[in-house]
Amino acid sequence: MADTMTDIDNSPEVLSSGAMRRQMLKEFWFYFSENRGAVIGLVIFVLLVAVALLAPVIAPHSPFEQYRDAVLKPPAWTSGGSATYLLGTDPVGRDILSRLLYGAQYSLFIGVFVTTLSLVGGILVGLIAGYYRGWIDTVIMRLMDIILAFPSLLLALVLVAILGPSLTNGMIAIAITLQPHFVRLTRAAVMAEKTRDYVTAARLAGAGPIRLMFKTILPNCTAPLIVQATLSFSNAILDAAALGFLGMGAQPPAPEWGTMLAEAREFILRAWWVVTFPGLAILITVLAINLMGDGLRDALDPKLKRS
Amino acid sequence: MALLQIENLTVEFETASGWFRAVDGVSMSVEKGEVLAIVGESGSGKSVAMLAVMGLLPWTAKITADRMLFEGRDMRGISPADRRKMIGKDIAMIFQEPIASLNPCFTVGFQIEEVLRIHLGLDKKARRARAIELFRQVGLPNPEERLNSFPHQMSGGQCQRVMIAIAIACNPKLLIADEPTTALDVTIQKQILDLIMALQAKTGMGLIMITHDMGVVAETADRVVVQYKGRKMEEADVLTLFENPKSNYTKALLAALPENATGDRLTTVSDFFDGNPEPAPSAGLGVTA
Amino acid sequence: MTDTMLEVRNIKRDYELAAGLFKPKKIIHAVKGVSFKLERGKTLAIVGESGCGKSTLARMLTFIDEPTGGELYIDGDKMDTRLGHLTPEMRQKVQIVFQNPYGSLNPRQKIGDVLGEPLSINTNMSAAERRERATEMLVKVGLGPEHYNRYPHMFSGGQRQRIAIARALMMNPKLLVLDEPVSALDLSVQAQVLNLLADLQDEFGLTYVFISHDLSVVRYIADEVMVMYFGEAVEYGTRDEVFSDPKHEYTRTLFAATPRADVESIRARIARKKAAAAA
Numbered sequence: 060m061a062d063t064m065t066d067i068d069n070s071p072e073v074l075s076s077g078a079m080r081r082q083m084l085k086e087f088w089f090y091f092s093e094n095r096g097a098v099i100g101l102v103i104f105v106l107l108v109a110v111a112l113l114a115p116v117i118a119p120h121s122p123f124e125q126y127r128d129a130v131l132k133p134p135a136w137t138s139g140g141s142a143t144y145l146l147g148t149d150p151v152g153r154d155i156l157s158r159l160l161y162g163a164q165y166s167l168f169i170g171v172f173v174t175t176l177s178l179v180g181g182i183l184v185g186l187i188a189g190y191y192r193g194w195i196d197t198v199i200m201r202l203m204d205i206i207l208a209f210p211s212l213l214l215a216l217v218l219v220a221i222l223g224p225s226l227t228n229g230m231i232a233i234a235i236t237l238q239p240h241f242v243r244l245t246r247a248a249v250m251a252e253k254t255r256d257y258v259t260a261a262r263l264a265g266a267g268p269i270r271l272m273f274k275t276i277l278p279n280c281t282a283p284l285i286v287q288a289t290l291s292f293s294n295a296i297l298d299a300a301a302l303g304f305l306g307m308g309a310q311p312p313a314p315e316w317g318t319m320l321a322e323a324r325e326f327i328l329r330a331w332w333v334v335t336f337p338g339l340a341i342l343i344t345v346l347a348i349n350l351m352g353d354g355l356r357d358a359l360d361p362k363l364k365r366s
Numbered sequence: 012m013a014l015l016q017i018e019n020l021t022v023e024f025e026t027a028s029g030w031f032r033a034v035d036g037v038s039m040s041v042e043k044g045e046v047l048a049i050v051g052e053s054g055s056g057k058s059v060a061m062l063a064v065m066g067l068l069p070w071t072a073k074i075t076a077d078r079m080l081f082e083g084r085d086m087r088g089i090s091p092a093d094r095r096k097m098i099g100k101d102i103a104m105i106f107q108e109p110i111a112s113l114n115p116c117f118t119v120g121f122q123i124e125e126v127l128r129i130h131l132g133l134d135k136k137a138r139r140a141r142a143i144e145l146f147r148q149v150g151l152p153n154p155e156e157r158l159n160s161f162p163h164q165m166s167g168g169q170c171q172r173v174m175i176a177i178a179i180a181c182n183p184k185l186l187i188a189d190e191p192t193t194a195l196d197v198t199i200q201k202q203i204l205d206l207i208m209a210l211q212a213k214t215g216m217g218l219i220m221i222t223h224d225m226g227v228v229a230e231t232a233d234r235v236v237v238q239y240k241g242r243k244m245e246e247a248d249v250l251t252l253f254e255n256p257k258s259n260y261t262k263a264l265l266a267a268l269p270e271n272a273t274g275d276r277l278t279t280v281s282d283f284f285d286g287n288p289e290p291a292p293s294a295g296l297g298v299t300a
Numbered sequence: 181m182t183d184t185m186l187e188v189r190n191i192k193r194d195y196e197l198a199a200g201l202f203k204p205k206k207i208i209h210a211v212k213g214v215s216f217k218l219e220r221g222k223t224l225a226i227v228g229e230s231g232c233g234k235s236t237l238a239r240m241l242t243f244i245d246e247p248t249g250g251e252l253y254i255d256g257d258k259m260d261t262r263l264g265h266l267t268p269e270m271r272q273k274v275q276i277v278f279q280n281p282y283g284s285l286n287p288r289q290k291i292g293d294v295l296g297e298p299l300s301i302n303t304n305m306s307a308a309e310r311r312e313r314a315t316e317m318l319v320k321v322g323l324g325p326e327h328y329n330r331y332p333h334m335f336s337g338g339q340r341q342r343i344a345i346a347r348a349l350m351m352n353p354k355l356l357v358l359d360e361p362v363s364a365l366d367l368s369v370q371a372q373v374l375n376l377l378a379d380l381q382d383e384f385g386l387t388y389v390f391i392s393h394d395l396s397v398v399r400y401i402a403d404e405v406m407v408m409y410f411g412e413a414v415e416y417g418t419r420d421e422v423f424s425d426p427k428h429e430y431t432r433t434l435f436a437a438t439p440r441a442d443v444e445s446i447r448a449r450i451a452r453k454k455a456a457a458a459a
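So the sequence lines, in the order shown, correspond to chains C, X and S. Note that the first sequence covers residues 60 to 366 in the working numbering. Note that the second sequence covers residues 12 to 300 in the working numbering. Note that the third sequence covers residues 181 to 459 in the working numbering.
Any given hint could turn out to be false.
Stated by the list, open to error - Restricting the straight-line Cα-Cα distance to at most 30 angstroms, the calculated cross-link-like pairs of lysine-lysine (DSS-like) are:
(1) X:Lys43 with S:Lys454
(2) S:Lys354 with S:Lys273
(3) X:Lys240 with S:Lys320
(4) S:Lys273 with S:Lys217
(5) C:Lys253 with S:Lys212
(6) C:Lys274 with S:Lys354
(7) S:Lys192 with C:Lys253
(8) S:Lys290 with C:Lys274
(9) X:Lys262 with S:Lys320
(10) S:Lys427 with X:Lys201
(11) X:Lys43 with X:Lys240
(12) S:Lys454 with X:Lys201
(13) S:Lys290 with C:Lys85
(14) S:Lys320 with S:Lys222
(15) C:Lys274 with S:Lys320
(16) S:Lys320 with S:Lys273
(17) S:Lys454 with X:Lys184
(18) S:Lys453 with X:Lys262
(19) S:Lys454 with X:Lys257
(20) S:Lys222 with S:Lys354
(21) S:Lys273 with S:Lys192
(22) S:Lys453 with X:Lys43
(23) X:Lys262 with S:Lys454
(24) S:Lys453 with X:Lys201
It should be emphasised that the hints constitute simulated quantities derived from the structure, not laboratory data. Being a predicted model, the structure only gives us computed values, none of them experimental.
Whole structure, please, built from the sequences with the hints as guidance.
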C-alpha cells in the first residue's frame, strides 16, 4: 500500500515531453553514477567509439602498409624502438598502433552487428513463445535448449566450417549462438507481464495480438534486454576474436584484434609486443563493456530502485 | 520508567531528487502493558519510525533522535551485536505480509526453533516442546504436524499465527505489529486481532499496533498517535480521540469514514483544509488526556 | 428497452486442475450457479472474502473469462460469451475498473495515450479528436489537461484510480464493473474516489457492479447487496434488508467480524477490560 512518496507531481504546468525526458535521464544518471566502475567503463567505451570513428584521422600509418625495413620493431620506449612506430611493428612490418586503432572499428562493428541480429531475432522468437505458449512455446524452447547445449565457440566453428571462413559468416554464427539468451529473457518477461491488469485492460479495449505484443508488453521488458545486450556485445567481440585467432573469422590482412593475435602466435616469446597489445585491447574493451552493463542493470532494475 | 521512549525522531532517505524526510520530529512513549496505536495513511512514516527503532532500515537512511530509549537503554549508538541480542528477544515485530515474511525454503518448525536456539539456547528436545506449546498457544491445530509444513502450504491466517508465535517465543517486553491484518480477510482479521489482544492481556507486554484502519484502532488501542506525512498530528487516549479529536487531520479522518457519512457525499480531507494540502499541526500536540 | 440493465442466469465457472502423475483430475467450482437482476442506474455490491468467486464473477461479466454455463443478458440482449467472439459493440456496453491502481496502467504509456487507446482501436477518430476527448475525460475525473503527457508513476494511487475510471468510460459504457476499486487506497483518498463515482453515476446514468470486502463502503454506496461464499450467493437483497436483517449465518459472521469505529463500542470495550483487570 505504500505510495511512491516522491514521485507525485501535482504541479499544474504542462510538462513537455522534452522536459520529462530530461528528468528521467537525470534519475537514470543518479543510479548509474553510483557505480564508479560503470562510469569508468562508460568513459572507456566512449573513448573507444571516438577512436574507431577518428581512426583514419589519428592513426599515424595505414594499417595495411608493410614497412619492409621495420619488421618486428619493438615499442618506442624500449631499446631498438623508434618513435615512428609507437607500439612497434608486426612480423610483416605493419605499425601495430595503427592496426589497433583501425581494429577498434572492426570490434565495434562486430559488436553492433551481432548484438542487433541476435536481439531482433531473439525478441521476435521470444515474444511468440511467451505470448502464445502451447506447442509453439515447447518447440521453440527445445530448439533454444539444443543451441545452448553446444559450446558456443564450437557451434560457431561448425557453422563457419560449413559456410566458409569469413567475418560475415563468423558474425552470423555468433549471433545464432547468442540468440537463445534473448529468447529466454523475452519469453520470461512476456509471461510475467501477460498476466498484469494493464494487458487485460488493453485486451478489453480491443487490442489484437500484434498490438499487445509489440506496443503493450514489449516496452515493459526492455530493462533485462538492455543489460543482456551489453553483455552480448562484449561476448561477440570476444568470440569474434577467438574465431579470428583460429583463422575462422576475419581473414588477414584485416586488422581485427583476434586475427592479429593469430598472426602473432609464433612470436609470443620473441616479440612480446605483437601479442600483448592486441590482447590488452580486447581485455580492456570487454572489461569496460561488462562494467557498463553492471551499472546499467543497477540503474534499470526497478527492484533495486530506492525511492 | 517508560518501556519505549522516542523524542524528536527524524529519518531521512537519499533519493534521486534530494533528501526525503520520511519521519519528521516524532515523539512518543509506550508504558509497560499498554497498547499504543499508530494510525496514519501511506506515506505517514508510521512503519519507518518503528523500523528505525528496530534498526531494520537500509544503510541509506539517516536516523537522528534526541532520545531513543528502550527500558532506559539508549538505542541510538548501540552496537549491532548488542542490538541483535535485543531484537527478537525483548522487542519483537510482526509484519504485514505473513507468507512473505517467512522463509519459503524452510519449514515453519525450523524457523521458530531457530529463534529459540539463538536467543534462549535451548537444546533440541526443549526447543521442539516449546515450539509445540507456542503453536498451541496461537491456536494452530495439530501443532506437531504443523512443524513440518512450509509457508506456502499454509493460509495467510495460519502464517500470521506462526509469525506471532515466533514473535512471542522469547516473551518479549514489547511487540510491534506493523499492519498485521491488512492482508487478511475480515473474519480472519478478527481472529488474529483477538489472539494478539489475548496474548497482550495475558503476558502484560507492551503493544504497538501500526494500522491505517480506524476500526482496528477502536477495537485494540488504549492510546493513539495520529501521523501524517511524517509528522505527529495528535496523541490522545482512544476514547478522547474518537469523541473529541483536536487535530483537523484527525477530524478529517474520522469524517471520511463511510460509517460517519451524513447525506449523499463523503467528507474528504480536503474539505477540512481549504486549499492548503498540508494541515498545520494543531496546538496542544503531545498532550495526553 | 427494458429497465433491467444486467441479468445473470445461473452463471457457472469451473476450473480444471490438470491430472498429474499421481493426482486425479480435479475440478474447482469457482462460481456455482449465480443469478441476479440489476436495474438501470443502480449499484449492486458483491461482498465476500478471498476465494468466494467474486473476482471470477467480475471477469465473466466483462468477458475476460468465459462462463462454463449459464446466460448473461446486458441491456436486454443475450451476450455471446464464447472466447474470441468479443465484438466492439459488446466492449462498448460494459467495462471494468481493476483493484490495483499500480498494475492497471501500462508503466510505459503516457496516460493521454492510455485514454486514447480504446478510441484509436475501435473508432476512426483523428488524433486531434482523440486528444480532445481524452482531455475532456481527464477533467471530468478531477485531473487536468496538464496531466496528458505524464507517465503513471508520476501519479498517486488515488489519481491512478481516477485515470483507470476515465479509461473505462472512454467507450461510453452503460455498465461498469468495479473490482474492489478503493481497497488499495487510503481512507481520505477513498472518500474522494467514491464521491467521484457517485457523481459520474448521476451524470452518465451508469449502472455499477461494485465488488468489495469492506462492509462500511458497501453500506454507503449500494442499492442492492449480494453476499458470496465459496462460489454461491448466500444472501441477496436490498441494502437495507441485508444490513438490518441478515438471514444467512455467514452474513452474520461477516457483520460481527467487521471492526466498529464508533464511540459506544470503545466505551464497552474499555469497561470490559477494566472488569477483567479487576477480577
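Verification of the hints:
This hinted pair checks out: Lys43 of chain X and Lys454 of chain S have alpha carbons roughly 16 angstroms apart, not beyond 30 angstroms. Between Lys354 of chain S and Lys273 of chain S, the direct Cα distance comes to roughly 6 angstroms. Compliance with the 30 angstroms bound is thereby established for this hinted pair. Restraint check for Lys240 of chain X and Lys320 of chain S: satisfied, since their Cα atoms lie roughly 28 angstroms apart, inside the 30 angstroms limit. Straight-line distance between C-alpha atoms of Lys273 of chain S and Lys217 of chain S comes to about 16 angstroms, which keeps the hinted pair within the 30 angstroms bound.
Between the alpha carbons of Lys253 of chain C and Lys212 of chain S the distance comes to roughly 28 angstroms, so the proposed pair stays at or under 30 angstroms and holds. At most 30 angstroms may separate the alpha-carbon atoms for a hinted pair to count; Lys274 of chain C and Lys354 of chain S meet this at roughly 28 angstroms. Taking the CA atoms of Lys192 of chain S and Lys253 of chain C, the gap is near 25 angstroms; set against the 30 angstroms cutoff, the hint holds. For a cut-off of 30 angstroms, the pair hint linking Lys290 of chain S to Lys274 of chain C stands: about 12 angstroms separates their Cα positions.
Between Lys262 of chain X and Lys320 of chain S, the direct Cα distance comes to roughly 28 angstroms. Compliance with the 30 angstroms bound is thereby established for this hinted pair. The suggested pairing of Lys427 of chain S with Lys201 of chain X holds, with an alpha-carbon distance near 21 angstroms, which does not exceed 30 angstroms. Straight-line distance between C-alpha atoms of Lys43 of chain X and Lys240 of chain X comes to about 28 angstroms, which keeps the hinted pair within the 30 angstroms bound. Of the pairs offered as hints, the one joining Lys454 of chain S and Lys201 of chain X holds, with about 21 angstroms between alpha carbons and a cut-off of 30 angstroms not exceeded.
Using a Cα cut-off of 30 angstroms, the hinted pair Lys290 of chain S and Lys85 of chain C holds, with the two alpha carbons roughly 19 angstroms apart. Distance check on the hinted pair: Lys320 of chain S and Lys222 of chain S sit about 21 angstroms apart at the alpha-carbon level, within 30 angstroms; holds. For the hint linking Lys274 of chain C to Lys320 of chain S, the alpha-carbon distance of about 27 angstroms falls within 30 angstroms, and the restraint holds. At most 30 angstroms may separate the alpha-carbon atoms for a hinted pair to count; Lys320 of chain S and Lys273 of chain S meet this at roughly 20 angstroms.
A C-alpha spacing of about 22 angstroms is found between Lys454 of chain S and Lys184 of chain X, which places the hinted pair at or below 30 angstroms, so the restraint holds. Using a Cα cut-off of 30 angstroms, the hinted pair Lys453 of chain S and Lys262 of chain X holds, with the two alpha carbons roughly 26 angstroms apart. Proximity of Lys454 of chain S to Lys257 of chain X is assessed by CA-CA distance (about 26 angstroms); at most 30 angstroms being required, the pair is judged to hold. Restraint check for Lys222 of chain S and Lys354 of chain S: satisfied, since their Cα atoms lie roughly 11 angstroms apart, inside the 30 angstroms limit.
Distance restraint check for Lys273 of chain S and Lys192 of chain S: the Cα-Cα separation of roughly 21 angstroms lies within the 30 angstroms cut-off, and the hinted pair is therefore satisfied. Restraint check: the Cα-Cα separation between Lys453 of chain S and Lys43 of chain X comes to about 16 angstroms, which is no more than 30 angstroms; the hinted pair holds. This hinted pair checks out: Lys262 of chain X and Lys454 of chain S have alpha carbons roughly 28 angstroms apart, not beyond 30 angstroms. At most 30 angstroms may separate the alpha-carbon atoms for a hinted pair to count; Lys453 of chain S and Lys201 of chain X meet this at roughly 17 angstroms.
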